[in-house]
Structures are given as C-alpha cells and as structure tokens.
Amino acid sequence: MHRVLETLQSKFPSTMVSVREDQMRGDLSVQVSAEGLSEVAKFLHDDPALAFDHITDICSADYPDDLERFEVIYHFLSLPTGTRIRVKARVPEENPSIASVSHIWKGANFLEREVFDLMGIRFEGHPDLRRILLPEDFDEGYPLRKDFPAEGKGWRSNFDFLPKLDEPVSAWNEADIPEDQRHVFMAGDSPESSKRTTELLLNMGPQHPATHGVLRVVLELDGERVVKATPDLGYLHRGVEKLAEGLTYMQILPHTDRLDYVCAMTNNYAYVRAVEKLIGMTVPERAEYIRTIVAEMQRILGHLFWLGTQALDIGAMTVFFWTFREREVLLDLFEKLCGARLTYNYYRIGGVDSDFTPEIIEGLKGFLKSFPQHIHEYDVLLQRNRIWVARTKGVAVISGEDAINFGLTGPVLRGSGVAYDVRKLEPYGAYDKVDWEVPIGKDGDTYDRYWIRIEEMHQSARIIQQCLDQLPDGPVIADNPQVVPPPKPQVMRDMESLIHHFILFTHGFKPPKGETYCATEVPKGELGFFLISDGGPRPYRMKIRSPSFVHMGAFDHMARGYLIADIVTIFGSYDIVMGECDR
Amino acid sequence: MFETSLRLALTLTQIGVVMGIVLLTVAILTLLERKVLAWMQDRMGPMEVGPYGILQPVADGLKLFFKEDIIPAGANKLLFSLAPILSLVPALIGFAVIPFGPNISVEFFGVEFKPFVISDINIGILYILAFASIGAYGVILAGWSSNSKYSLLGGLRAAAQLISYELNVALSIVGVLLLAGTLSMVKIVEAQGGNWFFGIIPNWFAFALPFPQFVAFVVFYLASVAETNRLPFDLPEAESELVAGFFTEYSGMRFAFFFLAEYANMILVSCVAAVLFFGGWQAPWPFLQFHGSLEHLAWLSGIFWFTIKVYFFLFMFFWIRATLPRLRYDQLMRFGWKVLLPIALGNVVVTSIMAYIFPNS
Amino acid sequence: MESGSELLLGYLSGYFPILIFIFLALAFGLVTLALSYLVQPKYPESEKLSTYECGSEPFSDSRMPFPVRYYVIAMLFVIFDIEIIFLYPWAVTFDQLGLIGLVEMMIFIGLFVVAYVYAWRKGALEWD
Chain A
1 MHRVLETLQS
11 KFPSTMVSVR
21 EDQMRGDLSV
31 QVSAEGLSEV
41 AKFLHDDPAL
51 AFDHITDICS
61 ADYPDDLERF
71 EVIYHFLSLP
81 TGTRIRVKAR
91 VPEENPSIAS
101 VSHIWKGANF
111 LEREVFDLMG
121 IRFEGHPDLR
131 RILLPEDFDE
141 GYPLRKDFPA
151 EGKGWRSNFD
161 FLPKLDEPVS
171 AWNEADIPED
181 QRHVFMAGDS
191 PESSKRTTEL
201 LLNMGPQHPA
211 THGVLRVVLE
221 LDGERVVKAT
231 PDLGYLHRGV
241 EKLAEGLTYM
251 QILPHTDRLD
261 YVCAMTNNYA
271 YVRAVEKLIG
281 MTVPERAEYI
291 RTIVAEMQRI
301 LGHLFWLGTQ
311 ALDIGAMTVF
321 FWTFREREVL
331 LDLFEKLCGA
341 RLTYNYYRIG
351 GVDSDFTPEI
361 IEGLKGFLKS
371 FPQHIHEYDV
381 LLQRNRIWVA
391 RTKGVAVISG
401 EDAINFGLTG
411 PVLRGSGVAY
421 DVRKLEPYGA
431 YDKVDWEVPI
441 GKDGDTYDRY
451 WIRIEEMHQS
461 ARIIQQCLDQ
471 LPDGPVIADN
481 PQVVPPPKPQ
491 VMRDMESLIH
501 HFILFTHGFK
511 PPKGETYCAT
521 EVPKGELGFF
531 LISDGGPRPY
541 RMKIRSPSFV
551 HMGAFDHMAR
561 GYLIADIVTI
571 FGSYDIVMGE
581 CDR
Chain B
1001 MFETSLRLAL
1011 TLTQIGVVMG
1021 IVLLTVAILT
1031 LLERKVLAWM
1041 QDRMGPMEVG
1051 PYGILQPVAD
1061 GLKLFFKEDI
1071 IPAGANKLLF
1081 SLAPILSLVP
1091 ALIGFAVIPF
1101 GPNISVEFFG
1111 VEFKPFVISD
1121 INIGILYILA
1131 FASIGAYGVI
1141 LAGWSSNSKY
1151 SLLGGLRAAA
1161 QLISYELNVA
1171 LSIVGVLLLA
1181 GTLSMVKIVE
1191 AQGGNWFFGI
1201 IPNWFAFALP
1211 FPQFVAFVVF
1221 YLASVAETNR
1231 LPFDLPEAES
1241 ELVAGFFTEY
1251 SGMRFAFFFL
1261 AEYANMILVS
1271 CVAAVLFFGG
1281 WQAPWPFLQF
1291 HGSLEHLAWL
1301 SGIFWFTIKV
1311 YFFLFMFFWI
1321 RATLPRLRYD
1331 QLMRFGWKVL
1341 LPIALGNVVV
1351 TSIMAYIFPN
1361 S
Chain C
2001 MESGSELLLG
2011 YLSGYFPILI
2021 FIFLALAFGL
2031 VTLALSYLVQ
2041 PKYPESEKLS
2051 TYECGSEPFS
2061 DSRMPFPVRY
2071 YVIAMLFVIF
2081 DIEIIFLYPW
2091 AVTFDQLGLI
2101 GLVEMMIFIG
2111 LFVVAYVYAW
2121 RKGALEWD
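Chains as they are written, first to last, in the numbering used here: chain A, 1 to 583; chain B, 1001 to 1361; chain C, 2001 to 2128.
Heads up, some of the hints might be wrong.
[Unchecked claim] In silico lysine-lysine, DSSO-like type, Cα no more than 27 Å apart, as pairs: (1) A:513 to A:242; (2) B:1067 to C:2042; (3) C:2122 to B:1338.
[Said to hold, decoys possible] On the chain A side, residues computed to face chain B include the following (Cβ under 8 Å): (4) 208; (5) 210; (6) 224; (7) 312; (8) 313; (9) 315; (10) 317; (11) 325; (12) 385; (13) 390; (14) 565; (15) 568.
Hints were generated in silico from the structure; no laboratory data involved.
All figures in this text were calculated on a predicted structure; none of them were measured in a lab.
Every residue gets a Cβ at the ideal spot worked out from N, C-alpha and C, and that includes glycine.
In isolation and in its complexed conformation, chain A is listed as follows (with noise of 0.2 Å):
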C-alpha cells in the first residue's frame, strides 16, 4: 500500500471509512466521516512528510439511493512529493453539511462556493457562504442533483429580464414616473446620499471592454485605490458539467472545445486523456507526438491571444495587431488540419482525427521559423519600454507560499518561484521525449508572468520542432474496437463496419465502473478533469476543474491595494477566458 495510505490509516483508524489505490490508474483516494474530514485535511496540509500544500479541486457527486446521498470530494496535491489524494465524505441528504477547508486552504473558498451552489452542500465555517455561478436569488434548487432534470424546468419563458421579442419597448415618459423617483440618482437629502461614505463602489462588468468576456467586479474604492474587490461569476454558466451527465463520453467532446475557446485544442486534449486514463487504453505513438505539437501550437496560440489583450488593456495596441498576425498564421494551418479555426474537435478518444499532411508540416516549420523573430519584435516594444516595465513591475505580487495555497497553476504560480508544470510532473504526450525547460520567476508579479509566457513560447516552439524531427510513423488513432469507430471509407464499403459504427455511436462505449482524475497543462493553467463511471455509457458525473475558476479566486488578494488601472492588468495577468471559467 502506498506511504501516504498507511500514514493516514495508522494515524487515523476510526475516521478512515476505507483507502483504495487503484493500481490501474494510479489514483490514491480514502473515503472519511464526514466529521473526521477538518482534522484529516489539517494533517494532509500540515505534516511535513505528506505536505499536501496544493489545492487542486472540490467537487460533488449525488448518489440518491444511497443512504448518505451526497459526497464530497477533495483533491489535493503535495508538491513537494508529486502526489495526489482524493478525499471524499458522505453527507446525508436531512443535512448536507460538513466542515470548511477554507481556512487551510483559502483556494477552497471558491471551489466550496461552488459545491454549495449546484449541489446544496452546506461548509461550516465558510466565510461568505453563496452562490457563485448562479445567480443570487436563484431558488429553484441545486441543478447538479440527480433529481433537477438536465433539460432545466421550463421556466425561461418567465424570466422577466428576458426581452419578449412579440411586445413593443415601452415608451419613456417623464411624467410616467412618481415625483420621488425620479431624481432617484441625483445628490439629494436622501439618507442614503447623506450618509458620508468615502469609499466609491464601482461595478465594474459585465460589460466593460477589459474584463475579457462577462467578468464581473464590485470594487470598492478609495479615490482610485481598491480597497475590496468581489469577483461575481456566472454569466456565462451554461452548466456543461450537468449536459455531460446526458451525453455519451464521445458526445462530450464538442462541449470541451466551448470551455477555453481561445486555445480549444488543450480542452479536447485535456477530456480525452482523462477519458483514456478512465478506459486504460493506450495511444499509438504517432498519434501522441501529434497531439504534443497540436497542444504546444495551441499554447502559442493562446499565449500570442493573452499577449496582444493585456498589452491592449494597458494601451500597447500594436503589439495587439501584431500578435494577431502571427496567430493568423496559426489558424491557417489549423484549418488546413482540421478544417476549423475556433472549434476544432480534432482530438479523439484514442488519438487523433487525421494524420499530417506534408504541408502542414511544411507550413510549421515555416512558421517556426520566423517566430522567434517576431517574439524579439514584441520584445522591443514592451521588455524594454520603461512604461511596461513600470506598469507590470511590482503590481499584482502574490508570494509563492500564497500562490499554493490558493490553488493557482499554470503561469501565474510559475510567476511566483514555484516550479510546478503538468508537463514535468506527470509527464503525458511526447513531453518526457524531448528536451524543454519550466521558465521560473522570481517575484511574483505581472512583469514575471509575462516573462515566463514569452520564454513558454520558445520552449514550445522547441517542443515542437523537436517532435517534427522525431515524429514517428504509424497510425495516428489507437486500434481499439471497443471504443474506436472503424474508419469512415471502410463504413460506407463494409456492412460489419456500419453496424459497429452505429453501434458506437447511438450507445456510446462503456467505460468500467470507477474514477479518476487526470490534470493536463493549458496555456491558462492546470485543466483537470474528474470522471465517475457507473459502467454506462454516459459519465456518472463529471467535473472541470478549470484554472481560470480556481484563479479568480484570488482575485480579491491580489488586487487589494492597487489602483483601478492595475485591476485590468491583474485580469489580463491571469489569462482569464470566462467560458472556461463559468462553464
């Protein structure tokens, strides 16, 4: 049995319900009480040996039969030894209540946040206990319950905030108005406009040209200083995780590419490892390399988009313009493999879709070669403009020890010193095959996020110049009938094929009963995904656990302090892409 297992089975007996090390897939996760959980985290996180510094994820699952319906799942890693444990706690379903982990790891404010609002699980001890994703005075339920049905009740004919498009606008008539409310926001004797606060509240979004999408912030502020900033999420929650629970795991995919749809590739990418690691198969090794370069020219893509949106939103338009160059080329050559350029689906459960053609390859390495030149001219026009620098220097700083604890992944924790990357971690792809470096920073703020992005993009071109040179021939999609479909040609000639097509793809394949967590490294971060397999075709429940989620939740720390201008940087800082975040 593994170390961490027998630690906690001998320090805590009779909390521990059961520990499991699935072989398979390599997870390690122990089933608690529900009252145990508080002090069985506290050691995970404290004790030295086990070091469970990292949040990773809180999720939910509904089991309704059962006798405790609801469980609570933890996911957490210790960087120090590369591990990840699950966690998981039964509620009952008279009260679903259980302790807040909030207070150990405060990234868990967000995460348990979000339990609460889909699941209707109650954290004691939570400081600000509400919902998240929908809207405040949402109370027609938790939609993740097994009860709430996928399609939704029916009700959005009745939100009256919903133009109806057969009525005419009304007519704005003055006089229609009562004497008192009309002057309702001039300065009057009103007792609120004389109750001398001095701090302004600014809403800033959902509609406002740098929060990247559908953000919301309520700042307060004190002349221009921010002196409390609440993230409101949720605008664009279109509940992919419950459509999921009505999908067959193929028809999932789709849905992936709606996450992050500035680099879609890394989500298909993300999904169907995590489906592959539920199933146990294999890829061919052609089909790995592949996916290697698609997902590293997709971070370039998804880099080149973060750096021309925070050089605009801190006035740097050209750099914007330019990187839309560069990511034209891009997309181009997407195109030509898969015959989009936003919503891909190329990736498949078991490889990829189509081979390379000779001219994509032509095409890359066309592309690589230019590309370093096109970094230094990014290079001239901001690494060393004195405004740049002075813009992003010491602004946004989050301390390493900080930086864990709430979570953060991807660039922004590498900002702060912490040399955490899926990539090296736990290496998948084609990544342990050629040779890269982690870019590290020093002080944690926006200047070295932006540094560690730009020098991202050169290992990636590495990466990927270093896979053309070793791409390997062979198929390009694993040979595994039970999950694979036979090949389109071969359909349309052969009558076995058909039925097993149509087979495949009216009942969907079925995954052994179990679960797991597998994490892959987007541009934005870490994107996990945690599938519950009941042996159907359909995912029991599945969760995303999305970088750009976990990384508002730091928001509010991070931008204590600064100025209003600062708040658009330390969005732009995070990469945030509010499809992924909202889900």
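With chain A's structure known, arrange chains B and C on it following the hints.
Frame of chain A, contents of chains B and C only:
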C-alpha cells in the same frame, strides 16, 4: 463705414477659412490616424467607404450627425449640454493668433489686412494658454454632470491631469520668451529667421544660441500630449479602465464635439510647437524657400513649411500612440510634477543666465 | 488725450476679430447641435436613459465626496501657476532689466524651488 464693413467682411472670411481648414484637417486627421496606425500595425485600416477608405470621415460624421442624442436620466441637463460646446469653442478659437504664413500686409480696396493671421495681438501665447484652461472645464463638467461613476472618475482624472501638465506647458515656454522678448506669435516667428554655425543650423529656438530650447520643446510636447489626452497620457478616457472616461454617457453630435475638440487641440498644440520652437513659416535654409526670385509668392513657401512642421508633429502623436503603453495614474502625476517640472524650471534658469552672458546673439 | 483713446482703440481692435471668432465658433456648435436635433431619431426608454454601469443597475449615487488628493493637486497648481505667470513679464523684458532683473528673478525662482521642495518633502506630490 465702407471701410469698417469691408474690414468686418475680410475678418469674417478669414475666420471662415481658418475654421474650415481646421475642421477639414480634423476630418483628414481621423482618417490619417487610422491609416498611419494601420500601416504601423501591418494592416489596411479603413477600406470600405470610398477608394482606400478616404470617405470614412464623411461617413463617420454623417453617422454621428444622425444619431440619437441621449441625455441620461439623473444628469444635470444644462451642464451636460453645455460641456461639449465648452470643450469645442476654446479649441477652435485658439487659432485666432496662429500665424500660418509670412507676416505680410495686403491692401484690399484701401483696407490693409494681414492674410495669414486673424489677429496679431501682443499677448498671443497668454491668450492660447488662457483658453486652453477653459477647455479643461468642458471635460471636467462633462464628467461631473453625467452622473456616472466612470464619467466622474474620468472627469476627476482629467481635472488633476490637465492642471498638472498646464504648469509644464507654461514653464517650458518661458525660455522662448526670454530669447524672443515678446509674447506675440508673429514676432516670435520673425525672431527665428536666419542660420548660424556657418549657415548650417537654422536659428529656430529649438536649436538657436545662446541656449537651444530643445529640452524645453520636449517638455512642451510631452505636456501637450498630456493636455490633449492622447496616449500614453489618455487616462481621462482610458478605454480599458474607464470605458470612455468623461464622455462615456455622450452620444451623437455631442460626442462628436469632444472628438472634434481633441483633434482641434492636437492641431493647435502642433501649430504652437511649430511657432515657438521650430520657426513657424520659416524654411530651414534659405535655398529651400522654393519661390526663388518671385518675392510675391514667398507666402506659398511659408505656408508649405508651416504645414510640413505641423503635420510632422501630428504624425508624432500617432507614432507615440502606436508605440507606447498607457501610464498609470500615480506614474502620470509623478512624471508631471517630479520629472518635467524640475527640467522646465532648470531650463528657465540656465537660459536666463546664458541670455545674460551672451546677449543678442 | 485723443492719442491715448486712439491707442486704446487700436489696441482693442486686435481683439475684435477674436470676439467674432468666439461668436462664430459658438454659432457653429449651437447650429450643428440644433440641426442634428432636428434630424435625429428620438426613442427614449428607461433602459436606454439609465446610467452606464457595465450592464447592471447603478447601486449608489455617483455624486459623492471624492478624495482630498485632487484638492491638494489643485491648490499646488494655483500656487505654482501664479508664480510661473510672474515669470512671463520678466522674460519678455529681460533685455532691459539687466543684472538686477536676473538676480531678482533668481531669488524669486529660489523661493519657488523652496516651496516646491517643501511640497515634495511633505509628500504632496505623491499620489499615495
């Protein structure tokens, strides 16, 4: 009587022509800015309206003209309506004292008038500074009267920024006044004729002895960029932070007025920079006065050189915008008060000492 | 006496075109606004007329006290601007004033610098 009405008619014509040229230049500038930025950014710029998009300003103007003018509920209607005009008028009338060409007098039916300056008053610079300050009121009132927090923040930023950089503008000019000994724009240009150092360097105040005012020019130009709310000092309307700053709530023609005012101000400060530091209508070297021996065509060359200089400074506005990110508010104030102000003050001290040691050179 | 009034008249006549210019510029503004008012559509409704707050209801009045920092800047401006304006007549007549003018103004600028350094040391120029 005849003389008075003729004089009035001539003045009206002059004003009409100047206003027409300024407004036309604004239209050209809006297109030029987008084209110049586009070329710097590897793209085409506006291409849809007319050949190569040259009719874009017309389309923009018409669109704004026919657009609904929204006054938000809760706004102070009077100030809200007044602010755009208060912003536009000072930007336009500053051109009254700018000499566009040589200081020549023309007799027209017995009335003598100067065709290239509307009024050569002897306090030309003070006049421009005074009206530039009034323009700031337009911006501040727009921000305050809109009753929107973004506008309010924009207005407050504008207030503090405009007054801080006005100091630098005022102080950087003192050196030129020391050398020229006059406040009249025409006389300042006339003082900058000729060349020195074996006829190589023009006697423009930016390069002239006893102490070249080039540093003062840099201070003046940077402060002017801030005065006109252009990048990297466009904080009152910083798009990514304050949406559109003080004119967030404006639409239609009132919005267009702020736009006009900003561009007219850009032209005005470019003109002032050309007049004060770069010899106005003077050609850099005598042989570049291309009218040759045709003395009565000297004004053509003068206007040509003046236009070249003004457009160069306007181009610099665009170039800076394409290159630099935006400053943060505290950095902006620090730059104005702690960097530009001491430099400008030091320039005054050094210039006055040099002018005392080497008089009339 | 007559020559004096003529001088004044000649002096003021320089400002007459400026006065006309102000009227013309005002007229341009007002006429354009009026013409635009005649041709523009007017469909006001309550949502459209509400203040922009990024798409949500404004939750507090925006006419509220704002920090004193702005006043400090404004006060400094008034003080320094007046001092700078004193430099203007001196600069224009610099040639005639000679050494005494130079020394006097150096003392004046010295006082200016003292005030400036004082403001700097007191932190009045810091935004924070």
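The hints, checked one at a time:
1. At most 27 Å may separate the alpha-carbon atoms for a hinted pair to count; residue 513 of chain A and residue 242 of chain A meet this at roughly 19 Å.
2. Our distance criterion of 27 Å between C-alpha atoms is met by residue 1067 of chain B and residue 2042 of chain C, whose separation comes to about 9 Å.
3. Distance hint between residue 2122 of chain C and residue 1338 of chain B is fulfilled; the C-alpha atoms sit about 13 Å from each other, no more than 27 Å.
4. At a threshold of 8 Å, the smallest CB-CB gap from residue 208 of chain A to chain B is about 6 Å, leaving the interface hint in force.
5. Using the Cβ-Cβ criterion of 8 Å, the hint placing residue 210 of chain A at the interface with chain B is satisfied: the shortest such distance is roughly 4 Å.
6. Among the interface hints, the one on residue 224 of chain A holds; its C-beta lies about 6 Å from the nearest C-beta in chain B, closer than the 8 Å criterion.
7. The beta carbon of residue 312 of chain A is positioned within 8 Å of a beta carbon in chain B (closest approach about 7 Å), and the interface hint is therefore held.
8. With a least beta-carbon distance of about 4 Å to chain B, the hint placing residue 313 of chain A at the interface is held under the 8 Å criterion.
9. Among the interface hints, the one on residue 315 of chain A holds; its C-beta lies about 3 Å from the nearest C-beta in chain B, closer than the 8 Å criterion.
10. The interface hint given for residue 317 of chain A is met, as the beta carbon of that residue sits about 7 Å from the closest beta carbon of chain B, less than 8 Å.
11. Because the beta carbon of residue 325 of chain A sits about 5 Å from the nearest beta carbon in chain B, less than 8 Å, this interface hint is met.
12. A hinted interface residue such as residue 385 of chain A counts as satisfied when its beta carbon comes closer than 8 Å to some beta carbon of chain B; here the least separation is about 7 Å, so the hint holds.
13. Interface restraint check: residue 390 of chain A against chain B, minimum CB-CB distance 6 Å, threshold 8 Å, status holds.
14. At its closest, the beta carbon of residue 565 of chain A sits 5 Å from a beta carbon of chain B; the interface hint therefore holds under the 8 Å criterion.
15. Residue-level restraint check for residue 568 of chain A holds (minimum Cβ-Cβ distance to chain B is 5 Å; threshold 8 Å).
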